[in-house]
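Assemble the whole structure, with the sequences as input and the hints as a guide.
What follows is each chain in one-letter form.
2 protein chains.
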Amino acid sequence: MLNFNYHVPTKILFGKNKIEGLGTEIKNISDNILIVYGSSSIKKTGLYETVTSILKKSSISFKELSEISPNPRIKIVRKGVELCKKHSLKFILAVGGGSVIDTSKAIAAGACCNHDAWDFFLRKAQIKEALPIGTILTLSATGSEMNGFTVISNEETKEKLSFGSDLLRPQFSILDPTYTYTLPANQTSAGIADIFSHILESYFCKEKDTFLCDRIAEALMKTCIEFGPILLKEPDNYNARAQIMWASSLALNSLIASGKTGDWATHYIEHAISAVYDITHGFGLAIITPSWMEYVLSVDTVYKFVSYAENVWGVTGKDNMDIAKKGIEKTKEFFKALDLPLKLSDVGIDDKKLDEMTDKAVMFGPLGAFKILEKEDIFKILKSSL
Amino acid sequence: MLNFNYHVPTKILFGKNKIEGLGTEIKNISDNILIVYGSSSIKKTGLYETVTSILKKSSISFKELSEISPNPRIKIVRKGVELCKKHSLKFILAVGGGSVIDTSKAIAAGACCNHDAWDFFLRKAQIKEALPIGTILTLSATGSEMNGFTVISNEETKEKLSFGSDLLRPQFSILDPTYTYTLPANQTSAGIADIFSHILESYFCKEKDTFLCDRIAEALMKTCIEFGPILLKEPDNYNARAQIMWASSLALNSLIASGKTGDWATHYIEHAISAVYDITHGFGLAIITPSWMEYVLSVDTVYKFVSYAENVWGVTGKDNMDIAKKGIEKTKEFFKALDLPLKLSDVGIDDKKLDEMTDKAVMFGPLGAFKILEKEDIFKILKSSL
Numbered sequence: 001m002l003n004f005n006y007h008v009p010t011k012i013l014f015g016k017n018k019i020e021g022l023g024t025e026i027k028n029i030s031d032n033i034l035i036v037y038g039s040s041s042i043k044k045t046g047l048y049e050t051v052t053s054i055l056k057k058s059s060i061s062f063k064e065l066s067e068i069s070p071n072p073r074i075k076i077v078r079k080g081v082e083l084c085k086k087h088s089l090k091f092i093l094a095v096g097g098g099s100v101i102d103t104s105k106a107i108a109a110g111a112c113c114n115h116d117a118w119d120f121f122l123r124k125a126q127i128k129e130a131l132p133i134g135t136i137l138t139l140s141a142t143g144s145e146m147n148g149f150t151v152i153s154n155e156e157t158k159e160k161l162s163f164g165s166d167l168l169r170p171q172f173s174i175l176d177p178t179y180t181y182t183l184p185a186n187q188t189s190a191g192i193a194d195i196f197s198h199i200l201e202s203y204f205c206k207e208k209d210t211f212l213c214d215r216i217a218e219a220l221m222k223t224c225i226e227f228g229p230i231l232l233k234e235p236d237n238y239n240a241r242a243q244i245m246w247a248s249s250l251a252l253n254s255l256i257a258s259g260k261t262g263d264w265a266t267h268y269i270e271h272a273i274s275a276v277y278d279i280t281h282g283f284g285l286a287i288i289t290p291s292w293m294e295y296v297l298s299v300d301t302v303y304k305f306v307s308y309a310e311n312v313w314g315v316t317g318k319d320n321m322d323i324a325k326k327g328i329e330k331t332k333e334f335f336k337a338l339d340l341p342l343k344l345s346d347v348g349i350d351d352k353k354l355d356e357m358t359d360k361a362v363m364f365g366p367l368g369a370f371k372i373l374e375k376e377d378i379f380k381i382l383k384s385s386l
Numbered sequence: 001m002l003n004f005n006y007h008v009p010t011k012i013l014f015g016k017n018k019i020e021g022l023g024t025e026i027k028n029i030s031d032n033i034l035i036v037y038g039s040s041s042i043k044k045t046g047l048y049e050t051v052t053s054i055l056k057k058s059s060i061s062f063k064e065l066s067e068i069s070p071n072p073r074i075k076i077v078r079k080g081v082e083l084c085k086k087h088s089l090k091f092i093l094a095v096g097g098g099s100v101i102d103t104s105k106a107i108a109a110g111a112c113c114n115h116d117a118w119d120f121f122l123r124k125a126q127i128k129e130a131l132p133i134g135t136i137l138t139l140s141a142t143g144s145e146m147n148g149f150t151v152i153s154n155e156e157t158k159e160k161l162s163f164g165s166d167l168l169r170p171q172f173s174i175l176d177p178t179y180t181y182t183l184p185a186n187q188t189s190a191g192i193a194d195i196f197s198h199i200l201e202s203y204f205c206k207e208k209d210t211f212l213c214d215r216i217a218e219a220l221m222k223t224c225i226e227f228g229p230i231l232l233k234e235p236d237n238y239n240a241r242a243q244i245m246w247a248s249s250l251a252l253n254s255l256i257a258s259g260k261t262g263d264w265a266t267h268y269i270e271h272a273i274s275a276v277y278d279i280t281h282g283f284g285l286a287i288i289t290p291s292w293m294e295y296v297l298s299v300d301t302v303y304k305f306v307s308y309a310e311n312v313w314g315v316t317g318k319d320n321m322d323i324a325k326k327g328i329e330k331t332k333e334f335f336k337a338l339d340l341p342l343k344l345s346d347v348g349i350d351d352k353k354l355d356e357m358t359d360k361a362v363m364f365g366p367l368g369a370f371k372i373l374e375k376e377d378i379f380k381i382l383k384s385s386l
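Protein chains in written order, with this note's numbering: chain A, 1 to 386; chain B, 1 to 386.
These are computed hints drawn from the structure, not numbers from a lab.
If you're wondering where the values come from, they're calculated on a predicted model, not measured in any experiment.
Mixed in with the good hints, there may be bad ones.
Treat identical chains as interchangeable: a pair holds within one or across any two.
As the list claims (entries may be wrong) - Simulated pairs of lysine-lysine, DSS-like, Cα-Cα distance not exceeding 27 Å:
(1) Lys208 with Lys18
(2) Lys124 with Lys57
(3) Lys11 with Lys27
(4) Lys128 with Lys27
(5) Lys11 with Lys206
(6) Lys16 with Lys158
(7) Lys233 with Lys208
Now the structure itself:
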């Protein structure tokens with residue numbers, strides 16, 4: 001097991017009506033805040049009304065930043081930074097899914113420095129300070145509610161980049177599974193693909209002394225497999241929503257990444273795809289994950305695929321390679337059962353911009369750790385995903 | 001899934017030589033501290049020298065409290081409280097296993113109030129404040145390094161009681177698996193019994209919508225089963241020590257207890273036994289656990305035993321009851337393979353004080369949640385353990 005630090009101080013308030021604690025949690029930190037949310041959906045569901053009335057009752061004044069899109073843009077981050085600076089806002093409340101939370105984190109970082117927030121993503125600047133943030137989660141997917149990562153897109157440069165710091169871990173996150181009841185089925189599915197991919201990115205590591213983390217990762221994957229399909233039929237199944245919601249937070253809060261080096265090639269390839277084509281992140285992951293698996297499977301890596309196939313899917317087979325391939329097949333079937341796209345052509349992408357996507361994927365160098373991928377490897381993975 | 005709050009801010013520094021960070025971690029909090037440790041063993045291993053030289057280099061002044069025994073006593077807690085008050089010590093560094101950490105927590109609570117620290121354990125007083133503590137772990141067992149619980153014995157009243165608060169969670173814990181290399185085999189085994197029991201106490205819950213937590217609990221149990229026996233043969237196997245050490249922290253830090261009601265009858269029964277006979281906690285648990293399992297197994301509870309037997313032990317059988325019983329048998333075999341006692345007679349306890357132990361076990365009322373146990377149930381469990 002590699003040495004590691006583990007520090008996850010985000011307070012989780014999990015369950016029905018946990019929003020009742022919102023006023024107290026914020027009031028402990030600031031009474032002059034920014035609320036960030038996406039579209040009108042939180043107004044339709046009544047969540048906006050609930051949040052703002054709690055804030056008013058708690059004498060917390062607030063400014064608002066809305067219309068955060070999927071694959072959120074640096075442009076709106078800059079707008080948020082400006083708002084925070086102008087009105088001396090000292091806390092950010094993100095009400096939404098990963099895009100809203102990631103935007104809030106980037107604003108939190110940008111509000112405490114004198115340079116452009118995009119510099120953090122370009123690795124031109126290091127974060128030293130950030131505004132505290134809190135979240136009210138409405139979509140189980142990115143795990144952003146319990147970690148320090150943010151992924152933001154730059155429309156002008158067609159880049160989608162990430163950066164992370166423990167300073168960006170939310171102070172608290174309110175996880176009420178009922179807030180995810182009204183999600184369209186394809187967003188639920190895309191979220192599950194994202195969760196499943198986060199687990200795989202940690203699972204497929206180069207270290208071999210990772211027994212405990214691997215077994216926990218398998219527990220999380222089994223949860224996705226058990227409850228994902230249920231949610232497509234019963235979107236308001238509380239227990240299924242709850243299991244998936246807590247799994248999404250645990251999948252990317254450091255728990256299953258401790259003492260090992262994750263791979264993350266699939267995520268970086270997907271970021272390159274959605275930078276160019278603005279597709280849903282979870283769709284891209286469902287497409288690239290099996291292609292990545294097939295590409296990196298070899299006699300050297302088969303042992304981990306066998307562990308995956310046997311422990312997660314209960315697969316048996318005539319030899320290790322057979323078991324491994326059946327595990328990959330099971331992965332495809334799982335995504336298919338969730339009505340997720342399996343090929344780039346399913347989301348309208350053809351072979352015209354393979355080079356551009358490949359270049360973007362390797363802009364900071366080769367990808368991966370379980371298997372290091374050079375530019376030509378990534379091109380081949382993209383091509384095999386067409 | 002029941003509603004829950006999850007807040008585990010303890011910073012973990014895990015791995016070889018992580019003690020290098022000690023000075024910085026403490027200096028952030030105070031430069032006038034109390035060190036608490038057990039016997040001379042940390043002097044023999046050189047850990048005492050390492051710790052004190054780091055403190056000196058970091059200009060942190062310290063007082064010492066040593067000779068903390070297993071089943072640590074309230075008497076020495078009072079001595080620690082006095083030291084903290086007299087010298088205005090503002091931080092406590094626990095160097096040792098659960099007994100040392102639990103003592104430090106009780107001191108941390110007692111140093112911030114004007115009544116006797118034992119009042120917390122008698123539930124006569126509620127904690128409002130505590131000194132911050134940090135730990136350097138030398139024995140994987142209690143999970144005290146990442147939770148807010150403390151268990152202390154009162155020799156005069158022959159009571160062994162616990163209390164808990166998030167205020168008592170350590171600020172940081174240094175987990176260096178090499179510090180556990182020199183443990184005697186029976187302490188390693190007793191520690192594993194304790195870890196395994198913590199997992200079972202959460203696992204056997206009355207709620208049925210606990211899929212994710214149960215799978216993670218099974219992951220932790222598999223880790224004990226995989227690496228426990230290895231450690232008896234290879235006490236300096238780094239990976240085995242590391243897997244067990246991290247499992248011990250995760251077994252009782254709220255992770256597998258979230259959204260459910262744990263049982264904890266076995267622990268309370270064991271506390272009653274060791275209050276009267278001062279036996280090693282892990283030995284008592286290894287004895288009581290299978291007796292508890294056999295006693296509570298019924299047509300109503302069999303489903304959970306089947307889950308345990310199949311998922312943890314890979315057992316098959318002719319019907320559910322058969323599978324359940326085989327799972328219990330596997331548990332006994334596991335403890336036996338770790339050279340743990342299986343009967344009260346193995347640790348020199350006969351039937352003379354069954355009533356006294358029973359009375360102590362129910363001093364705050366019936367035990368358990370998976371299955372509620374009245375006084376007569378506990379008497380029978382103790383009797384069947386003779």
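- Item | List of violated hint numbers, smallest to largest | The structure breaks hints 2 and 6; every other hint is satisfied.
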